[in-house]
Each structure stands twice: as structure tokens, then as C-alpha cells.
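> Chain residues, written in single-letter form:
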Amino acid sequence: MDNLLEIRNLHASVGDKEILKGIDLVIRRGEVHAVMGPNGAGKSTLSAVLTGRPDLVVTQGSILYDGRDLLAMQPEERAWAGIFLSFQYPVEIPGVSITAFMKAAVNARRRASGLEELKPAEFLRLLKEKMAFVGMKPDFASRAVNEGFSGGEKKRNEIFQMAMLDPQFAILDETDSGLDVDALKIVASGVNALRSPEKSAIVITHYKRLLDYIVPDVVHVLKDGRIVKTGDRSLVEQIDRQGYEGLDG
Amino acid sequence: MLPGEALRLTFVKLPGLSVPVETEVLLAQCGCEADVAGLYLCEGDDRFSLKLNLRHEAGECRSRQLFKGMASGNARALFDGRVYVAHGAQKTVALQENHSLLLDAAASVESRPQLEIYADDVECSHGATVGSLDAQQQFYMQSRGIPREEALRLQKISFLSPVLERLPESLVNEVVSRL
Chain A
581 MDNLLEIRNL HASVGDKEIL KGIDLVIRRG EVHAVMGPNG AGKSTLSAVL
631 TGRPDLVVTQ GSILYDGRDL LAMQPEERAW AGIFLSFQYP VEIPGVSITA
681 FMKAAVNARR RASGLEELKP AEFLRLLKEK MAFVGMKPDF ASRAVNEGFS
731 GGEKKRNEIF QMAMLDPQFA ILDETDSGLD VDALKIVASG VNALRSPEKS
781 AIVITHYKRL LDYIVPDVVH VLKDGRIVKT GDRSLVEQID RQGYEGLDG
Chain B
2 MLPGEALRLT FVKLPGLSVP VETEVLLAQC GCEADVAGLY LCEGDDRFSL
52 KLNLRHEAGE CRSRQLFKGM ASGNARALFD GRVYVAHGAQ KTVALQENHS
102 LLLDAAASVE SRPQLEIYAD DVECSHGATV GSLDAQQQFY MQSRGIPREE
152 ALRLQKISFL SPVLERLPES LVNEVVSRL
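Residue numbers (this note's numbering), protein chains in the order written: chain A, 581 to 829; chain B, 2 to 180.
Be careful, since some hints might not be right.
Said to hold, decoys possible - Partial list, derived from the structure: chain B residues whose beta carbon lies under 7 angstroms from chain A:
| no. | residue |
| --- | --- |
| 1 | 88 |
| 2 | 91 |
| 3 | 140 |
| 4 | 141 |
| 5 | 144 |
| 6 | 145 |
| 7 | 151 |
| 8 | 155 |
| 9 | 162 |
Said to hold, decoys possible - Pulled from the structure, derived: some chain A residues nowhere near chain B, Cβ distances all over 10 angstroms:
| no. | residue |
| --- | --- |
| 10 | 640 |
| 11 | 731 |
| 12 | 772 |
| 13 | 811 |
| 14 | 812 |
Simulated from the structure, these hints should not be mistaken for lab results. C-beta: ideal position from N, C-alpha, C; glycine also.
Produce the entire structure from the sequences given, and follow the hints as far as they go.
This is the structure in C-alpha cells:
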């Protein structure tokens, strides 16, 4: 089966406000899709629905992931199935170290896959390798999750976690916002290193900048809860020149 | 306490115990410090109260209180913390914080912070909060594959961590195993 993700006629609401108004989107294995659009279009809502954030209610439609009914799965089950979200606003967890947090995450996924938990030495080796991969200093492992992190450190921490969990399907929700060019390059190289014929990703962004480094196969424009245009990477250039005005399909 | 002395005291109340605790700390000479903290875990039908009377009788003393409580089931927990600053105990610094996590609708926590101040050149503050577990932290952890129950436990550790940091490792392990 070539399709990793199939979204059909997806409608979703927060409270009584409908945000997604009929999304159809198919992502094949190995593809990177960019989702662009103005503020309030529903981009982050889409990422939240895919990962099962509990305040969102899907009112119509379906999502198949790897042939499974994604909407019937708990957030942690989606992670075990290989879905990863790089949060637009990563959450601080004071008092819980990166090491403890990642150990819980990595081993939970291994248990769910019927694998043994990693031995402490194996886990530390993996941790060090991935920290080096995103250029984190040694004291990073003992810091509390995102507490007191700068904006750039938080985003890099998301990419670090992505590398640790090695997802099959990654969603990057405005991972470029608040990053300087150097941090952007680190993030992009982290993402590019994880590309493979089996893995797919959605890159949500306002700007062309990130897509210069993570080159998408397909580009969608989301406006007012609907995909109004789909094209190849040349669409990014067009948006960069003209903005979102006039892109109503 | 004598001039220049410092007291560092940490209370731990494990779940399954119903006890009233009453303590008085007296700062009777200039330049003393008292750093008092505690955590109380209440579950089932636990009844717990902590009454702390912290008295600044002499000037230029500092006191700090940090108490963290959790209640689930039908448990009831009360923090009754009084800071008394005597007439003439100038340059007193007294800080008090009490934070509670309410884990079930039938549980209850009560916080009664009291400041009684008879000197005019002092710095005193108190803060109390009662909250529940944070839904955003919960989702963040679950999205990383951490099962709901384990995520709840990590959140409790996170909440208690400023007090846990003061304890020896064996006691930290004991507390964490009871969450």
C-alpha cells in the first residue's frame, strides 16, 4: 500500500466553532508535503487532529493511517504507530529531566512494539548520539523539559525528540518560527537526515524560508479550513511573490 | 534559635495516614534563617492537617515556607500557616507558598495562610494555589508515546519536584513509588 495517510472530508471543531471544513489529503510513503496558509486557516488544528488533541472534535470524515482508523486511536497509540508532532509551542515540564522524559517515551514505544526496554547504557548511547546530531550541549540531558529554554532551544529539542523516536510520519508545526538562520539549518538538516522512501512528513509553515531547506514534494494552501490549492514546489515561489490573496482554487 | 543559625526542615506525609501536625518555629534572635518545606500526599479517606506557627520575634531574620499537597479520593487536607512578626522585628523577610493539586472531585484541600505583622519595615509575602493536572503537559507526554497513567505520574513528580529536591534519594524513591 502506497498511501501512508488518507484524510477524507475531514471536519473538526473546537467548542461550537468549526475550524476544518472538509479536508481531503493523501500522503504517500516517502513524500514530504508542505501545508501553507494565513493565520487562522486551520493549519495547527490539522496537526492537532492528526495527533489526537482532546479538545478537538471531529464531526465528519475519516483518517486512515497505514490502513488503520487513526481517529479511534489514543494519542500515545498514534505515537507508537510512528506519528510525531513537533509542537508549535512546546510545553514546559519543570522537575522532569530530558533523560527521564525520553526514557519513558522510548521504552513505552518499545514495549508497545513487543521489544524489550533499552538497557541504561544503550539508552545513554542513543541519547548522546542524538544530542550530538542536533548540536546540544552535554548539560542538556539533565535539564528539565523545555523549562527556561529559549525559543530556538525548544524547537531544537523537538527535533532532538524526533530523532530519538525515529517516526515514520512527522508533522512539523511552524518549527521555523522564532529560529535564526543557523538554528533553521540545524533543524532542516535534522529533518532531512530522517527522510527515506518509507517515511513521510507534513511541514506546516507560513514562510518560504524553511522550504528552501526542506524541499517538499507537494504543496497545499489551506484557507478558512479548506485546501484551496495543491501544486508542486513552484507554488511556494508563487505564494512568496503574491501572498495568499487570489489563491482560492 | 541563636544568632546566625539556620534551620532547614522538610516534612513528608505519605498516603494512607491521617494525622494532625502542629509545629512552631521561633526566630528569637537577630540574623536567623528558617527554611521549612513539606509535601503531603493524601488519598482514600485520609484526614491531614498541618498547622505551622512561624514567629519572628527578633529582627533581621529570614523565613521561607514551601508546602505542596495532593489529594485524591475522599481525602481532606488542610494547610494552616501563620507568620507572626513581632513589634520591633524590623528587616524581617518572610515568604510563604502553599500549592495544592486536587486529583478527584470528592477530595478537598484548604489553604489558610495568615500574616500577622506588627513591624513596619518588613518584606512578607504569601501565595496559595489549588489546581488540577495540566492538560497540555498531559497531551504533550502522550503525544510522545508516554501512556496516560505514566504521564500522570510524571506530572505529579514535576509538581512535587521543588520539595523532592530537598530529600535524600531513598526518601525520594519512597515518595515516587507511592504516586
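> Is the interface hint for residue 141/B satisfied, with its Cβ closer than 7 angstroms to some Cβ of chain A?
holds, 4 angstroms
> The output says residue 812/A does not contact chain B. Does that hold with a beta carbon cutoff of 10 angstroms?
holds, 30 angstroms
> Measuring from the C-beta of residue 151/B to each C-beta in chain A, is the shortest one below 7 angstroms?
holds, 6 angstroms
> Is the interface hint satisfied for residue 91/B? The criterion is a beta-carbon contact with chain A at less than 7 angstroms.
For residue 91/B, the interface hint is violated, since the closest Cβ of chain A sits about 35 angstroms away, which is over 7 angstroms.
> If I take the minimum Cβ distance from residue 811/A to any residue of chain B, is it greater than 10 angstroms?
Since the minimum Cβ distance to chain B is about 30 angstroms, residue 811/A lies beyond 10 angstroms and the statement holds.
> Does residue 772/A clear chain B by more than 10 angstroms, comparing its Cβ with all Cβ atoms of that chain?
It holds; residue 772/A is separated from chain B by about 22 angstroms at its closest Cβ, greater than 10 angstroms.
> Taking 10 angstroms as the cut and beta carbons as the points, is residue 731/A off the interface with chain B?
holds, 17 angstroms
> Given residue 145/B as an interface hint, is the shortest Cβ-Cβ distance to chain A below 7 angstroms?
Holds - the Cβ of residue 145/B comes within 7 angstroms of chain A, reaching about 4 angstroms at its closest.
> Interface hint check: residue 155/B, Cβ to nearest Cβ on chain A, cutoff 7 angstroms. Holds or violated?
holds, 5 angstroms
> Please check whether residue 88/B passes as an interface residue: C-beta within 7 angstroms of a C-beta belonging to chain A.
With a minimum Cβ separation of about 39 angstroms from chain A (threshold 7 angstroms), the hint on residue 88/B is violated.
> Would the hint on residue 162/B stand, with a C-beta cut-off of 7 angstroms toward chain A?
Where the cut-off is 7 angstroms and the nearest Cβ of chain A is about 3 angstroms from residue 162/B, the hint holds.
> Have a go at the residue 140/B hint: is there a Cβ in chain A nearer than 7 angstroms to its own Cβ?
holds, 6 angstroms
In summary, the structure is inconsistent with hints 1, 2 from the numbered list given earlier, while agreeing with the others.
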